[in-house]
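Q: So in full-length UniProt numbering, spot 144 of the sequence shown is number 144, and the numbers just go up one at a time.
Check the hints yourself; a few may be wrong.
With a Cα cut of at most 25 Å, we get these calculated PhoX-like pairs of lysine-lysine [to be verified]: (1) Lys215 / Lys115; (2) Lys165 / Lys215; (3) Lys115 / Lys77.
Hint data in this document are derived by calculation from the structure and do not stem from the laboratory.
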Amino acid sequence: MTRVLDILVGADVLPDPNSGAAGTVMDTSHALSMLGHSVDSFWADSLGRRVSHGNLHYILELPRAYRREVAARLALKRYDVVQLSQPYSYLAGRMVRRLSDRPLMIWRSHGLEAKVDAAMLRYAPTAPSTVRGAFRGLVGRRLHWIQREAMRCSDGAIVPCDDDKSFLVEQFGAQPDRVAVIWHGVPDTYLDAPVSTNKRRWKRILHVSQMSANKGPMVMSQVAAQVLQSSTDVTMTWLCPSRCTIHCDRRCRRAFATVWSCGAGWIEVPSWTCTTRMEYSCFRRWRKAPPRL
Numbered sequence: 001m002t003r004v005l006d007i008l009v010g011a012d013v014l015p016d017p018n019s020g021a022a023g024t025v026m027d028t029s030h031a032l033s034m035l036g037h038s039v040d041s042f043w044a045d046s047l048g049r050r051v052s053h054g055n056l057h058y059i060l061e062l063p064r065a066y067r068r069e070v071a072a073r074l075a076l077k078r079y080d081v082v083q084l085s086q087p088y089s090y091l092a093g094r095m096v097r098r099l100s101d102r103p104l105m106i107w108r109s110h111g112l113e114a115k116v117d118a119a120m121l122r123y124a125p126t127a128p129s130t131v132r133g134a135f136r137g138l139v140g141r142r143l144h145w146i147q148r149e150a151m152r153c154s155d156g157a158i159v160p161c162d163d164d165k166s167f168l169v170e171q172f173g174a175q176p177d178r179v180a181v182i183w184h185g186v187p188d189t190y191l192d193a194p195v196s197t198n199k200r201r202w203k204r205i206l207h208v209s210q211m212s213a214n215k216g217p218m219v220m221s222q223v224a225a226q227v228l229q230s231s232t233d234v235t236m237t238w239l240c241p242s243r244c245t246i247h248c249d250r251r252c253r254r255a256f257a258t259v260w261s262c263g264a265g266w267i268e269v270p271s272w273t274c275t276t277r278m279e280y281s282c283f284r285r286w287r288k289a290p291p292r293l
């Protein structure tokens, strides 16, 4: 009989099943519960946040918040496994490894920033020699150090693909048997379903994603513009959380302007979403300026 484990799972995101990182954590926790294990979770609202800048929050605030929350949870209950998302759990890992009767410490990656940075060096020019460029370089080196430290202070890691596992093994010296791969993707039931033969459906595109700049909406906006301009009978709906429209920076605004030039309209829909509906067939009937966000 399989031993029942007490597992603590933590992530610096809100428990939204429609979000990539949060959804994978929630699905994994649900699967563990279905296997009979006891799973407790904590999320961003338990960690707190004062630093608004993303990378500074990760470097200065989040590692201590993780350590504080894990210490509080371990004081109330004994756990067999602690799994924390992203490498900013390294301080919690150090603390856990010093305990005499300690749980297994696992950090989960939703994508390795160091791997992305290494790939970008092949395509992007070196950052300009400015104060901002120097600051970015300093932050980048610190984030890479944190990722290496998380690997050193944990018993193992979970990554979303084989390429990430190979990167940890080759660049960070991780032991292959201590890096597990849990793939992110749609279920087999979706892939096994036959593709619709209704060609009218092929003309209606639904794109669901965040609108934050680090998710690359600029690329998608260029693709959408080309598709809509080349086929006047194609429509596309871009669905994103409403909070994305609040935190858009100038790069996202340029993305909106690109799709807006193809006849886009901004539509408020109920609950948590807003929709950008891009219908090139409507372009000649009405024109509007890009939205002010």
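Q: Hints first: check each against the structure and report whether it holds.
A: So, going through the hints one by one against the coordinates:
1. Lys215 / Lys115: 16 Å, holds
2. Lys165 / Lys215: 22 Å, holds
3. Lys115 / Lys77: 36 Å, violated
The structure is inconsistent with hint 3 alone, although it conforms to all the rest.
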